[in-house]
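Throw the hints in and build the complete structure from the sequences for me.
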Amino acid sequence: MATTTAPQLKAKDFKGKVDPDWCPGCGDFGLLNSVQKALAELGRQPHEVMCISGIGCSSNFPGYLSTYGMHTLHGRSLAVATGVKFANNELTVLVTGGDGDGYGIGGNHFAHTARRNVDLTYLVMNNQIYGLTTGQQSPASRTGMKTKSTPFGNLERPVNPVTTAIMNGATFVARGFSGHGKHLVSIVKQAIEHKGFSLVDVFSPCVTFNHDNTYDFFRERIEKLEEVEHDTSDWKGACEKAMHWDDKIYTGVYFQDKDTPALNEQEPVVEHGPRALAEPALTSEQGDRILKRMM
Amino acid sequence: MATTTAPQLKAKDFKGKVDPDWCPGCGDFGLLNSVQKALAELGRQPHEVMCISGIGCSSNFPGYLSTYGMHTLHGRSLAVATGVKFANNELTVLVTGGDGDGYGIGGNHFAHTARRNVDLTYLVMNNQIYGLTTGQQSPASRTGMKTKSTPFGNLERPVNPVTTAIMNGATFVARGFSGHGKHLVSIVKQAIEHKGFSLVDVFSPCVTFNHDNTYDFFRERIEKLEEVEHDTSDWKGACEKAMHWDDKIYTGVYFQDKDTPALNEQEPVVEHGPRALAEPALTSEQGDRILKRMM
Amino acid sequence: MSNGYDFAFAIGGAAGQGIATPGNILARIFVRRGLHLHAYNAYQSIIRGGHIFLTIRVKPERVDSHGDDLNLILCLNQDTMDRHARHVTPGGAVIFNSDSITPAEVQEGVQLCGLPIKDLTEDNRNKLVQNTVALGVMLNLLGVEFGVLESALGDQFKRKGQDVVDENVKMAKAGYDYAKEQFKDFGEPLPEGDKPLAVWTGNDALAMGGAAAGVKFYTAYPMSPSTGVLHWMAKNARELDIMVRQIEDEIGVANVAIGAAQTGARSMCATSGGGFALMTEAFGSAAMMEIPVVFINVQRAGPSTGVPTKTEQGDLWQALGASQGDFERIIVAPKDALDAFNTVVEVFNLTDHYQCPSLVLTDLLISEGTFSVEPDAINMQPEIDRGELITEPGDGTDYKRYLITESGISPRAIPGLPGYAHVAPTDEHDEDSVLISDEYTNPHKRRNMVEKRARKLKTFHDKVAAPAIEGPADAEVTLVGWGSTEGVIRDARELLAESGIKANQLAVKWLVPFHADAITEILSKAKKVLIVENNYSGQFYRYLRSETGISVDGHIRKYDGEPFQPHHVADGVMDQLGDKKVTRDGVFVPFQEIMV
Amino acid sequence: MSNGYDFAFAIGGAAGQGIATPGNILARIFVRRGLHLHAYNAYQSIIRGGHIFLTIRVKPERVDSHGDDLNLILCLNQDTMDRHARHVTPGGAVIFNSDSITPAEVQEGVQLCGLPIKDLTEDNRNKLVQNTVALGVMLNLLGVEFGVLESALGDQFKRKGQDVVDENVKMAKAGYDYAKEQFKDFGEPLPEGDKPLAVWTGNDALAMGGAAAGVKFYTAYPMSPSTGVLHWMAKNARELDIMVRQIEDEIGVANVAIGAAQTGARSMCATSGGGFALMTEAFGSAAMMEIPVVFINVQRAGPSTGVPTKTEQGDLWQALGASQGDFERIIVAPKDALDAFNTVVEVFNLTDHYQCPSLVLTDLLISEGTFSVEPDAINMQPEIDRGELITEPGDGTDYKRYLITESGISPRAIPGLPGYAHVAPTDEHDEDSVLISDEYTNPHKRRNMVEKRARKLKTFHDKVAAPAIEGPADAEVTLVGWGSTEGVIRDARELLAESGIKANQLAVKWLVPFHADAITEILSKAKKVLIVENNYSGQFYRYLRSETGISVDGHIRKYDGEPFQPHHVADGVMDQLGDKKVTRDGVFVPFQEIMV
Ligand SMILES: Cc1ncc(C[n+]2csc(CCOP(=O)(O)OP(=O)(O)O)c2C)c(N)n1
Ligand SMILES: Cc1ncc(C[n+]2csc(CCOP(=O)(O)OP(=O)(O)O)c2C)c(N)n1
Ligand code: SF4
Ligand code: SF4
Ligand SMILES: [Mg+2]
Ligand SMILES: [Mg+2]
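Chains as they are written, first to last, in my numbering: chain A, 66 to 360; chain V, 66 to 360; chain P, 51 to 646; chain L, 51 to 646.
Heads up, none of these hints are tricks.
Lysine-lysine pairs mimicking BS3-like chemistry, simulated, CA-CA at most 27 Å apart: (1) P/K630 x L/K502; (2) L/K230 x L/K220; (3) A/K254 x A/K301; (4) P/K450 x V/K75; (5) L/K285 x A/K357; (6) V/K75 x V/K260; (7) L/K210 x A/K357; (8) V/K80 x V/K260; (9) A/K357 x V/K211; (10) P/K631 x L/K508; (11) L/K495 x P/K630; (12) V/K211 x L/K285; (13) L/K450 x A/K75; (14) P/K208 x A/K211; (15) P/K577 x P/K552; (16) P/K502 x L/K630; (17) V/K323 x A/K313; (18) L/K631 x P/K508; (19) V/K80 x P/K450; (20) L/K502 x A/K82; (21) L/K210 x V/K211.
The hints are simulated quantities; they were obtained by calculation from the structure and are not laboratory data.
Spelled out as structure tokens, the structure:
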């Protein structure tokens with residue numbers, strides 16, 4: 066794809082056909098803006114990018130971008146995106162969705178896609194609630210939180226996306242906050258440029274259903290990893306920092322492993338170009354060779 | 066249940082009606098013997114125990130015990146067992162299965178059951194292969210391993226059950242080896258006695274399809290955590306030790322958190338006894354109260 | 051449309067404009083007055099914005115559908131005015147904030163009731179109080195004394211404190227008084243029924259049916275339009291001694307429910323079509339293990355994610371084809387909210403008796419619909435029959451969980467009981483749970499087990515009555531529907547009667563096992579049979595034919611997301627009885643006038 | 051049973067006794083000689099032990115089933131002797147190790163060929179060499195020159211080194227010579243065909259069909275009896291430029307396949323019923339997003355985990371009901387291995403043309419059956435038609451992915467192409483992919499989209515021929531089957547002809563869309579129609595009736611895990627044509643004589 070001659074686009078060129086239907090103030094706007102900026106700053110063209118989501122408020126994301134996209138089933142975005150990337154290794158593949166979508170119903174794909182180190186950029190708008198279904202407990206909801214499905218307070222402990230991603234083998238793990246746009250742009254750019262599976266867990270407040278984890282809640286606690294001592298190659302330190310919550314919450318790049326190659330790069334057939342464009346028919350030698358083995 | 070007056074049983078009293086159909090030498094025999102011993106030593110009666118499995122060679126396990134059991138769908142044992150435990154908190158619930166069953170297709174239930182800290186004892190016969198389907202890559206297969214589905218060598222990195230269990234919130238995490246029966250009995254007993262979700266990942270060689278991870282392979286590498294310096298309350302040390310493979314492999318109890326209460330203990334309705342035995346009908350006061358709210 | 055009082059309101063606006071509150075207040079006022087109602091809320095799958103249109107129809111007798119007419123509409127935004135004011139029938143009224151909304155064209159004889167909200171509310175900054183003003187206006191036009199509204203407002207807002215109550219009462223009074231001065235009331239004052247009624251949604255009814263049936267374990271993953279069941283359960287569980295768990299996905303839900311059921315709890319879960327797709331494997335496994343457990347699939351418009359907040363009867367074949375292989379199960383489609391309640395109770399007794407999974411197949415129209423109900427009709431302490439349960443400890447030496455019996459039913463022991471330890475397997479097994487795929491796959495044992503399980507449901511029709519014709523025996527047309535369309539077909543028959551067309555109806559509820567003989571007998575006597583269903587492909591029609599071989603005379607189908615209104619059905623009948631102008635390939639598809 | 055040479059061998063023993071190797075050697079010898087064969091292997095879901103019984107039937111012409119007779123049996127253990135020796139037909143022979151196996155009673159005229167294995171193998175400690183001795187005996191009895199076996203052994207063992215080859219040749223020779231001295235050969239020597247044939251399994255054929263169709267992405271999660279497709283693909287992928295991925299579960303598999311398909315690769319996945327249950331939600335999503343992708347469901351005996359290594363046609367209704375809502379898809383059941391190959395090729399062209407998901411519904415009998423095939427019949431470079439694809443970059447300003455067209459087909463652009471960026475959503479959407487559940491759920495747009503998609507398949511019957519009657523037009527009975535039963539019904543017709551009963555057959559392959567008119571026309575001319583299917587509930591019968599209203603005269607069904615043999619079908623026909631002794635409620639269920 067001839068990207069070199071294409072014009073350098075602006076963030077607004079990545080705006081989709083319709084305006085987001087999110088509630089005014091929803092945290093998801095923050096990530097959307099940051100992604101549009103990041104894509105522009107990285108010099109991508111819309112057709113070079115594909116954005117894949119599941120179902121949820123946050124999963125409406127691809128509809129608000131001018132790139133290729135799929136708005137798939139609840140929880141299945143990473144699986145679909147794996148197919149996309151293996152069919153066309155040249156695409157920049159973003160995966161977007163919510164905490165329920167990704168860490169709840171989609172949890173198995175999350176673990177295994179991380180383990181496989183498929184080169185995808187996974188952006189989770191973590192609002193610690195099920196937004197679109199009007200406010201039930203999510204696996205990221207904090208213990209004690211009152212939701213429509215836990216009216217007496219959530220008894221479960223929340224998932225920690227950062228530590229589980231690291232232990233599952235993700236090679237780039239970061240946390241962002243919708244309220245800190247600039248920081249988020251920088252994180253998203255690094256995530257896209259990372260070759261391998263990258264997770265960006267984004268605190269993206271649901272102003273309608275989550276009255277505990279608000280913008281203020283995060284603003285009061287967030288400290289940026291870039292501003293403290295932090296070694297992104299040290300998984301132990303990263304996990305330790307990721308466990309903070311009540312006192313302090315770190316955003317930024319927690320962990321990066323630059324050595325492990327992406328799975329898609331390792332499959333020899335990838336070298337022959339995108340599967341999508343591969344000549345579908347077999348050559349006659351290929352066919353004959355197969356037939357011979359049967360005789 | 067009047068367990069006090071019941072006779073103390075022997076391991077053989079926990080033998081099921083039929084003999085295992087496993088290949089001679091299969092590692093699963095080792096765990097079966099250890100579980101039967103552990104149950105006897107803990108003074109359990111068959112009706113107090115329920116053993117739930119998925120599908121796989123290893124998942125035939127409940128059929129070889131004299132306890133209650135379910136042999137459920139591939140990958141679903143932990144979900145079914147969660148229902149069992151919440152319906153009757155008084156049962157000792159064992160969950161048995163393979164690495165494919167538990168870490169592959171069942172991975173999401175594994176993560177969330179650990180996070181919830183449901184009081185189940187999960188015993189995984191990890192042979193790093195799909196046995197029953199005659200030898201394909203499992204998520205626990207090592208990189209490079211040749212299997213029927215990876216004839217040129219597995220390109221994926223294996224899951225690490227110990228570290229992911231710890232990060233998902235399991236409160237008891239151990240590793241055993243079928244070839245070390247006594248050690249395994251002791252681990253299984255501790256796991257059963259632990260109140261909360263316990264994982265015992267058991268190296269259980271598949272003598273038919275895995276020619277890499279054999280009894281000898283493990284014998285040469287295994288060191289028991291009880292015999293080295295190890296602090297089971299230190300997740301960092303536990304994870305670090307769990308990452309060894311080529312040089313040394315540790316078995317024993319990696320991690321235990323005795324403070325977090327099991328989810329099933331926290332639900333107030335549990336105090337009213339097993340759901341199974343709960344009077345099914347509502348009282349007339351309960352019914353009237355409900356109706357009043359609708360008027 | 052009917053004789054006597056029959057009044058339909060609507061409130062339209064955007065999500066977030068607070069439509070639910072005046073809707074709830076009105077509903078409470080009506081049912082306390084002993085009036086029946088049915089409310090349908092049209093909305094979108096977004097949290098703020100979009101367009102919501104709530105229709106409440108009120109009558110002294112049972113209300114069978116949200117009807118065809120709109121008598122009074124409250125427009126909370128310009129959009130509602132533009133879309134719907136013209137649908138108000140002559141004699142009706144349109145209420146709106148004249149400060150911000152421009153009236154649209156209306157039919158002759160429709161009163162435009164503009165409210166100078168800024169003045170009336172003394173420039174109150176809380177936008178929601180205008181809804182309270184409008185409520186005052188509405189109740190004045192309806193001829194209801196103000197005290198009724200005053201006490202309803204008290205009930206609604208008391209949790210928020212006396213100040214809020216006082217403010218709302220003041221606003222309502224302003225509207226009430228303004229209307230008295232400025233507008234013409236409807237003449238006929240709001241009637242009163244015999245005794246106070248109650249109000250619930252279909253989701254409430256499903257949940258309460260479970261509670262009454264003795265459900266002690268409820269589990270779900272949220273999915274519209276079934277989430278209300280979870281909300282009800284979560285709220286009431288502790289006081290009713292029910293264990294409620296939200297699980298990571300629907301596969302988990304189904305399997306957790308099965309585990310609890312095997313362990314002896316009456317166990318239930320609910321979802322919608324996409325979630326049920328994920329549950330089918332587990333559904334089949336419950337049949338193989340012979341575990342009684344109740345699933346609920348609340349249908350919404352598909353395929354796939356489809357139109358999440360819209361109704362359809364599109365999952366019948368998914369239900370029929372749920373999971374691989376042949377196996378025993380019960381599938382039932384309740385006809386309205388009260389029927390949903392009773393069905394859940396009944397199906398639990400059946401499912402325990404037959405030791406098989408059951409599926410309650412309902413839809414958004416019922417589950418999210420609001421219905422009045424006579425409290426006495428709700429039996430919270432119904433008879434509970436748990437089937438062939440062994441409850442006394444034994445030495446159990448020759449207990450066989452899957453004993454081959456003549457009835458096909460094998461006595462069941464619940465884990466924990468001394469002496470009856472056994473395994474429930476998803477593999478085919480012999481009487482004693484030993485897998486027959488192990489060692490030898492004995493084809494004779496296999497066949498015996500298949501036939502044993504199949505025998506179980508042979509007595510089903512002795513326990514569950516076949517459907518019957520409702521309406522004149524000599525009707526010229528028989529309308530066949532299933533599940534939630536019973537009410538609207540009943541209303542359509544009334545319309546048809548007014549046009550001189552005699553119609554009767556057959557409402558089918560029990561789908562599997564199917565009353566094939568009884569239905570064949572009934573339909574063979576009908577002069578002309580039309581099938582009414584809320585889907586594209588005629589799923590029930592094809593199923594009816596698969597079970598009976600019956601081909602019918604025509605079809606009325608709708609698949610645009612909106613439910614049938616009575617005139618849609620009546621139009622279809624008249625079209626097909628006439629010289630077929632609109633009907634194509636035997637299928638009449640009504641036009642949806644109200645754009646929501 | 052037929053005129054001319056028709057010979058059936060069996061080898062029986064426990065898993066782990068090495069039955070596959072002599073089976074493979076025999077198969078190679080036969081096909082190289084130009085003989086046709088069909089092999090059925092009965093086994094259990096365990097890795098060692100149990101009972102395996104491999105039947106290979108050989109003829110100079112096409113072999114349609116594994117037949118009814120056993121001419122020669124090799125018993126590797128006592129169990130096989132006890133179970134099966136009595137099934138050997140007069141004139142046949144039973145080979146066994148007389149050191150360890152006691153002969154059982156056999157029919158008159160059956161030769162008992164005990165082998166003193168200890169002597170013959172000079173006390174070789176490798177238990178498997180006795181199989182080689184027995185091979186020598188078999189080929190001698192068949193009248194095949196020893197050199198043929200010698201070279202086959204060379205091929206089979208060359209990878210293991212010359213020593214192994216030599217040892218095996220020596221053992222085979224010992225058996226060959228011993229037989230020459232001690233036993234009576236079959237008289238008629240093994241014939242030779244015109245030209246060498248090839249041999250494959252149904253799973254090979256499915257995989258190769260994919261490769262030939264240009265599949266560039268294959269994904270699976272192992273599940274019997276479909277795993278062979280994965281094994282073939284994994285082995286051959288790199289040299290054929292195919293990306294193969296094993297994924298964590300079947301939900302992942304289906305969704306990964308969909309992602310690859312949307313991105314332009316021809317994409318395929320295979321599983322069995324339980325796995326497909328997990329895939330149904332994704333199957334429906336592909337229909338909504340209009341993504342062409344091919345699924346394979348290889349049926350095994352259900353319900354649930356069922357009997358994993360046994361065959362059944364029990365997933366038809368699961369296939370028909372896969373996923374919620376009404377949507378467009380293609381379902382096809384191939385009739386044998388070669389047909390499976392051709393079907394996969396054809397269905398890829400159809401699925402690309404119609405932009406919808408397809409399901410190939412086959413079963414263990416085909417997938418794990420071994421079949422001879424004429425190599426020329428396998429076209430590895432078939433025509434590939436990818437449908438309405440946009441391939442040139444554009445400015446794409448008015449590209450609408452879901453353009454409403456008369457054909458219902460909207461031109462498709464593959465991600466990566468400049469100027470055509472668009473989103474594929476599982477929510478209902480407008481022409482431009484905008485969700486209609488967003489902001490306003492426009493019922494008219496919704497209806498248009500449902501109808502657009504439904505229009506797509508209206509031309510299907512122009513592209514795909516209806517099934518036709520095979521056999522005499524004036525037959526007194528018409529046997530209707532679907533998918534894998536074509537061959538055995540053909541054999542049964544031959545048996546019936548021998549008994550003077552004229553039967554013809556209709557083998558249905560394309561299930562959705564269904565050739566309702568053509569089939570109705572055909573069957574309305576039949577004198578008596580019986581349906582033959584390998585399941586309990588008559589799934590095809592009920593589907594046939596749902597689509598056509600046709601009720602038939604009787605049924606022959608089997609659901610014990612084992613496939614039909616020709617005489618099972620013939621017995622059913624005679625029973626139903628006669629005064630119905632065994633048939634109950636119109637259903638004849640044959641008795642399975644061979645216990646495996
Ligand atoms: C299989 C399935 N189950 C359930 C749903 C209903 N559903 C839609 S979105 C959602 C959860 C949304 O939560 P999250 O992923 O956190 O996204 P958010 O709305 O908070 O951005 C659920 C349960 C569905 N669409 N599909
Ligand atoms: C839904 C589903 N998919 C696939 C299968 C086929 N299957 C049976 S066992 C198994 C894997 C067995 O591997 P593992 O869990 O590691 O157990 P092992 O046999 O190695 O003990 C698979 C894939 C199945 N039964 N169900
Ligand atoms: S409900 Fe919450 S997550 Fe959804 S759009 Fe509104 S603020 Fe955002
Ligand atoms: S195949 Fe492997 S895992 Fe299965 S029984 Fe044999 S040795 Fe054990
Ligand atoms: Mg969320
Ligand atoms: Mg394994």
